[in-house]
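Here the protein sequences line up with chains Y and W, keeping their order. When we follow the numbering used here, the leftmost residue of the first sequence carries the number 1, and every step to the right adds one. When we follow the numbering used here, the leftmost residue of the second sequence carries the number 1, and every step to the right adds one.
No lab work stands behind these hints, which were simulated from the structure alone. Any given hint could turn out to be false.
[To be verified] Simulated restraints, written as ranges between beta carbons of each label pair: (1) Gly169/Y - Val467/W: 28 to 34 Å; (2) Val19/Y - Leu354/W: 35 to 41 Å; (3) Ile553/W - Lys73/Y: 37 to 43 Å; (4) Val19/Y - Asp389/W: 45 to 51 Å; (5) Met168/Y - Arg565/W: 23 to 29 Å; (6) Leu354/W - Val218/Y: 25 to 31 Å; (7) Asn243/W - Pro127/Y: 36 to 42 Å; (8) Gln197/Y - Trp438/W: 46 to 52 Å; (9) Ile257/W - Lys130/Y: 34 to 40 Å.
The beta carbon of each residue, even a glycine, is placed where N, CA and C say it ideally should be.
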Amino acid sequence: MSDTPLLEFRNINTHYGAVHILKDVNLAIYPGEMVCLLGGNASGKSTTLKTLLGMVTPTSGEVVLDGEVVNDKPTSYRVERGITMVPENRRLFKRLSVLENLQLGAYLRDDKDGIANDLERIYSMFPRVKERLSQRAGTLSGGEQQMVAMGRALMASPRVLLMDEPSMGLAPALVQTNFELIQQIHEEGIAIFMVEQNANMALSIADRGWVLQTGRVVLDDTADALLQNPDLRKSYLGEATSH
Amino acid sequence: MTAVTPGAATATELELVQKGAFDFDWNEAIRKGAIVALTLAFIALSGMPVGLDDRSLIEPILSMGYVALLWVPFVLGWLSGNETVLEGMAATKRGLRDVVRGDVIGFVGGLGLSLLVILLNAFDLRDPLVNWSPQLIELLQFDRGQGFGIVAWPIIGGVLGAAGAGLHLVSPRLRKAILSAVITVLLVAIFETFIVDVIDFLDDLLYEKQGGLKLVAAIVIAVVAFIASYAGAGRAVGQVRSNYHQATGAAKKSQTITFIAIAAIALIVTPMITGKITQELLANIGIFLLLALGLNIVVGLAGILDLGYVAFFAVGGYTTAVLTSPNRGEDWPEWFPIMPWWGALLVTIVVAALVGLFIGAPVIRMRGDYLAIVTLGFGEIIRILFLSDWLNGYFNGAQGITNVPAADFGFAQVKGTDPRSVFYLVLVFAVISIYVSWRLERSRLGRAWMAIREDESVAEAMGINTVNMKLMAFVVGAVLASFSGAIFAAKVGSIFPTSFLILVSIIILVVVIVGGMGNIIGVIVGAAVLIGVLGGPKQPGLLAEFSEYKLLIYGALLVVMMLQRPEGLVPNARRSRELHQDEFLQDAWLKGEVDTDDDDEPGTEVQGALA
Numbered sequence: 001m002s003d004t005p006l007l008e009f010r011n012i013n014t015h016y017g018a019v020h021i022l023k024d025v026n027l028a029i030y031p032g033e034m035v036c037l038l039g040g041n042a043s044g045k046s047t048t049l050k051t052l053l054g055m056v057t058p059t060s061g062e063v064v065l066d067g068e069v070v071n072d073k074p075t076s077y078r079v080e081r082g083i084t085m086v087p088e089n090r091r092l093f094k095r096l097s098v099l100e101n102l103q104l105g106a107y108l109r110d111d112k113d114g115i116a117n118d119l120e121r122i123y124s125m126f127p128r129v130k131e132r133l134s135q136r137a138g139t140l141s142g143g144e145q146q147m148v149a150m151g152r153a154l155m156a157s158p159r160v161l162l163m164d165e166p167s168m169g170l171a172p173a174l175v176q177t178n179f180e181l182i183q184q185i186h187e188e189g190i191a192i193f194m195v196e197q198n199a200n201m202a203l204s205i206a207d208r209g210w211v212l213q214t215g216r217v218v219l220d221d222t223a224d225a226l227l228q229n230p231d232l233r234k235s236y237l238g239e240a241t242s243h
Numbered sequence: 001m002t003a004v005t006p007g008a009a010t011a012t013e014l015e016l017v018q019k020g021a022f023d024f025d026w027n028e029a030i031r032k033g034a035i036v037a038l039t040l041a042f043i044a045l046s047g048m049p050v051g052l053d054d055r056s057l058i059e060p061i062l063s064m065g066y067v068a069l070l071w072v073p074f075v076l077g078w079l080s081g082n083e084t085v086l087e088g089m090a091a092t093k094r095g096l097r098d099v100v101r102g103d104v105i106g107f108v109g110g111l112g113l114s115l116l117v118i119l120l121n122a123f124d125l126r127d128p129l130v131n132w133s134p135q136l137i138e139l140l141q142f143d144r145g146q147g148f149g150i151v152a153w154p155i156i157g158g159v160l161g162a163a164g165a166g167l168h169l170v171s172p173r174l175r176k177a178i179l180s181a182v183i184t185v186l187l188v189a190i191f192e193t194f195i196v197d198v199i200d201f202l203d204d205l206l207y208e209k210q211g212g213l214k215l216v217a218a219i220v221i222a223v224v225a226f227i228a229s230y231a232g233a234g235r236a237v238g239q240v241r242s243n244y245h246q247a248t249g250a251a252k253k254s255q256t257i258t259f260i261a262i263a264a265i266a267l268i269v270t271p272m273i274t275g276k277i278t279q280e281l282l283a284n285i286g287i288f289l290l291l292a293l294g295l296n297i298v299v300g301l302a303g304i305l306d307l308g309y310v311a312f313f314a315v316g317g318y319t320t321a322v323l324t325s326p327n328r329g330e331d332w333p334e335w336f337p338i339m340p341w342w343g344a345l346l347v348t349i350v351v352a353a354l355v356g357l358f359i360g361a362p363v364i365r366m367r368g369d370y371l372a373i374v375t376l377g378f379g380e381i382i383r384i385l386f387l388s389d390w391l392n393g394y395f396n397g398a399q400g401i402t403n404v405p406a407a408d409f410g411f412a413q414v415k416g417t418d419p420r421s422v423f424y425l426v427l428v429f430a431v432i433s434i435y436v437s438w439r440l441e442r443s444r445l446g447r448a449w450m451a452i453r454e455d456e457s458v459a460e461a462m463g464i465n466t467v468n469m470k471l472m473a474f475v476v477g478a479v480l481a482s483f484s485g486a487i488f489a490a491k492v493g494s495i496f497p498t499s500f501l502i503l504v505s506i507i508i509l510v511v512v513i514v515g516g517m518g519n520i521i522g523v524i525v526g527a528a529v530l531i532g533v534l535g536g537p538k539q540p541g542l543l544a545e546f547s548e549y550k551l552l553i554y555g556a557l558l559v560v561m562m563l564q565r566p567e568g569l570v571p572n573a574r575r576s577r578e579l580h581q582d583e584f585l586q587d588a589w590l591k592g593e594v595d596t597d598d599d600d601e602p603g604t605e606v607q608g609a610l611a
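Bound conformation, chain W alone:
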């Protein structure tokens, strides 16, 4: 990584400014190093490294605990090399300078951990900081004594920072190959349980008995990934994608159908060949996907920030439980029926819609922040009602309703012990929800929501009945959430107030935001990534080890997304335009396409129109 690949030199590079190896903004580098130091110290004291140290990734050299620390200087080193290149301004030539800067950042960050090692040894702060533990000391000293730890961290930090920054020096192709090698090894190691669950025989082939990749296996995987990437596997995928984007009319339609068909077959076949863990995971993703799709209508399409969405999930769950379980509260009258699941579902839908209207009617006249706060309140009120002594005779308070029977369809039974059946049931409802969302977005109602989201007062002046339209969004969202609640009741077999904490609302909202608000594909991706990898409020994800730090990661992810990619992983085209409005304006202004200044002479506007 010392020299720039000769082939990469282009005509524009002639204009680049050559700078000395130490000629960079030292203040900034040290400041970034301090950020690394603080992040490392924070992670160390959050307990993550110690908690994850038992989980071996590559036996015996690397545990997940260390990875939790080591990525920081590497990533920051890489980010420090990112430069905004302004058009018309001379850019700096990449070179040793970048590496030195990355090295400084990593070094300073490592010094932070050295300092932490010293402090850990000198003081006992276990009282305020529970993770200020001997295990952390041992971990940070690599079990080799204080001196070793103090010296090692700045060196490790420096090397990783330099390596991260050095990625800027190699050709993009090589960079991709290196990164895919590293990432593939990490993924294969991290997702051990999942991979073994899907493909059984890999267990002995790749992994040690006590967990973790075999060293040889790790090297082989890295080499294979490197070669595959370098040879252009990524480009083949890219080619398919760009073909798809360029296709129009019938060709595009047939390609879309092909993709959907492949996805459908994959979704139907996968649970048949995988083990229970994966089936359970898919079922959980589906349940939260249903919730996220509903919330996407409320938040993404109609622009109503509903922080109490869990209320409808709870109503769905409790209604189904009350109608199907013999263990429901004692105060229900004799004649009150106990019915099969699908019958209960129909009642649940009606009840959820009514509750949506009931909660929605008073709050929907409010706007923005006020509405968000009130919905937050309602979300809790519903849960507390189910928990209350007052309704104890109906909902059994904290004991909840147990013995909710399986959903019996004659040809199949859907119950928690058979996660595959739950997944298929969820799949059916997800398809229904996706179709409904898709149709609604393109309907007259969808256009009204769009107008309301943009400017409620003007929408009203255009003759859109804003109150009714918003109420509609609320009710549709409530019904979709109740599907999820009904399936959840059958799956878990019992319903407790603690299943419906405010946390559920927050996590669904994060799924929608991270995935891409207002975009169905985005919501699917968001649910798969967040619920699948990190897990739901109580459901473990692929990274079961992280469940303790789940909320920390959710929070960090949300912050990073808001800063770097506020439109979400798979953005809605319009949403993306909205969020980058300023940049678009600036670009357009640079190109002379618009004049943003109302006070301009009419003459300049004509110019603008001609451009």
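Looking at chain Y on its own, in the form it has when it is part of the complex:
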């Protein structure tokens, strides 16, 4: 783990109109690590991702990418520097073919060889995807769609992958497979920033985690420590109060 964070929030505040969403949030993601952000509904998880990606502009504070303040840089700039998101519910371009989906993932790149290499890499990671290249993404099963969504994100050749609720909308049996996929990507050296409601599963594979509550970071610790944290167990891990 290097000393400069890949991605950093410094005292970020965001507003939607007059509503204060994120309140003095500080985050740091280092290269190659896997971190997760936990939180209930309306705690500001999605806003955090959108702010990281530049789709929401913070009212104060700094978004720092590789030591550079990128507050006023557009999404395309950040994607080019290596941040990519796998959106909530996968959101494939359903009517386009699987291949077209993957190609659009590499939209900002112009290194033809690199793109071809990455395609091959994705085929070897997800052989099922290769079988379905000409099929429309919307006709794939949930698990396959998840693979294409991740493949599409990987085509941008990211250094950090933002995942918005990766297990949402997936059958219980697929959730496990899905987390295995995430780990597989992580092993390639890509940092993962995961927003999850499934705290147990997320913390079991992550290095560190934060807990967000009504826009404030209330807990910030290693994954193991969080798993042991009695408050967290009570509110997120579905454990009944036992004393």
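Given the coordinates of chain Y, assemble chain W onto it according to the supplied hints.
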């Protein structure tokens, strides 16, 4: 049409269920008959039959007015026989049953007109219904008194309904031959002015002096068409097509080039040999094709529903007029130049692009319906600005700008009195526009548009600058429309605010939708069919007689297309996939290729993958 051709019997027919002649869903047949009745009454009261009665098709037996009514029971009779045959379900054997059902539908429909005849005679409702006229009564009674009309319509309806349904009974080959005979006669009769304009000597040969096919000529044409179709003329065309579709690589390329060459030669030669009417028609088609190609980029490629597209047409027209006409408003400063057309064109392109940016910038951040409504507003605002007193000194308000000179190219002059020259000019720009559209669709920009059309938020997250890309679509569309406006100004010689009504936007949109959104060939076909046959907002088409009912037909066509063929006449392959997504999914599911259910066990998915 009583017996099934023996040769048509195949192995599958053994499984067909035989049903009695009266064993069908009577409720449904009567309901469809009621639809026929309502349609007939509506058409009758729209004034179409009376308005078109003077136009004789086959002298003296058939006028266009009657055709406007008679097709309804025939088509509905045919449609009633269409059955969805589900795989694995027993289908019903075709037979007398179909004919009886068609007969019932037509009969009930005819009863509707009988009722209308009675009502027409009993009440005078001319006040609310302008077409509730004595002429309509006479027409519906065949000039032979009330009793005759009342009796005749159910019989005619029944016969036509039965005939339509009966088409299901004959072999496909015979059916095609019958239909091509009927359709050819109707087309030759309907397009009389056009045909005479192209081939002069046919006038005396085929048509009566007062218009309409000679009865003998009609019979000869029907027989020739029947024999040609039966002998397989259609299949020869089909063969060429399937050859083309199967060809690959170099063979396909050479065939494509051949087709394009033939089309190019045809387009260049046609206006030389035809009369003024056809040249005018081709010029109008071209002007609207240019507009449609531009709108196709905005709507078809980028997915931005722009309902105010006419604004850019107007800007193109007015800019050219102001820069070329000595009759432009008095408030233009002295130094403001008057230049030749091609010089004005360059300025027009720049102005249109700027106006595109100017209008686009505020509205483009909106999405979907909101954007459509706002563009609708802008389209009107531009027209009203040109009309306004405030800018009267510049654009002459309702008087418009007259005396727009011909476009002078040294070797040729393009002006309205010489529609052929207009056509050639339009052709040049159409080729440019088609090439630009074609290149753009396959470019990086085209891919960005595709992503935006599919899912704007995700496109943004992929790093596509959605605002700029959409703005680009807007600007490209504006420039293509301004070409059209510039040519329009030179052609018409004067520019008025009334040339740029909202109707123009709507009609161009219909051209794009009916032709096939996102497909250049589709847009060309759409423009040729709609503008060529029905006519533009103010320009007559081949069916000049229908100009009064043009909007009615446009509307009906749009509804039918949306129901039956939402991908357009010549669909974009992807668009077609999109619109029939559910059917594709269902088919794939039936074949076991996909499992659409996310909650399935992983095991079933593996099965799916293996299939």
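Status of each hint after checking the structure:
1. Gly169/Y - Val467/W: 28 to 34 Å: Cβ of Gly169/Y to Cβ of Val467/W: about 29 Å, so the range 28 to 34 Å holds.
2. Val19/Y - Leu354/W: 35 to 41 Å: holds (38 Å)
3. Ile553/W - Lys73/Y: 37 to 43 Å: Once the Cβ atoms are compared, 53 Å apart, the range 37 to 43 Å for Lys73/Y and Ile553/W is violated.
4. Val19/Y - Asp389/W: 45 to 51 Å: This hint holds: roughly 46 Å between Cβ atoms.
5. Met168/Y - Arg565/W: 23 to 29 Å: Taking Cβ atoms as reference, Met168/Y and Arg565/W lie about 37 Å apart, which means the hint is violated.
6. Leu354/W - Val218/Y: 25 to 31 Å: Taking Cβ atoms as reference, Leu354/W and Val218/Y lie about 52 Å apart, which means the hint is violated.
7. Asn243/W - Pro127/Y: 36 to 42 Å: Given range 36 to 42 Å: holds, Cβ gap about 38 Å.
8. Gln197/Y - Trp438/W: 46 to 52 Å: Given range 46 to 52 Å: holds, Cβ gap about 47 Å.
9. Ile257/W - Lys130/Y: 34 to 40 Å: Cβ of Ile257/W to Cβ of Lys130/Y: about 35 Å, so the range 34 to 40 Å holds.
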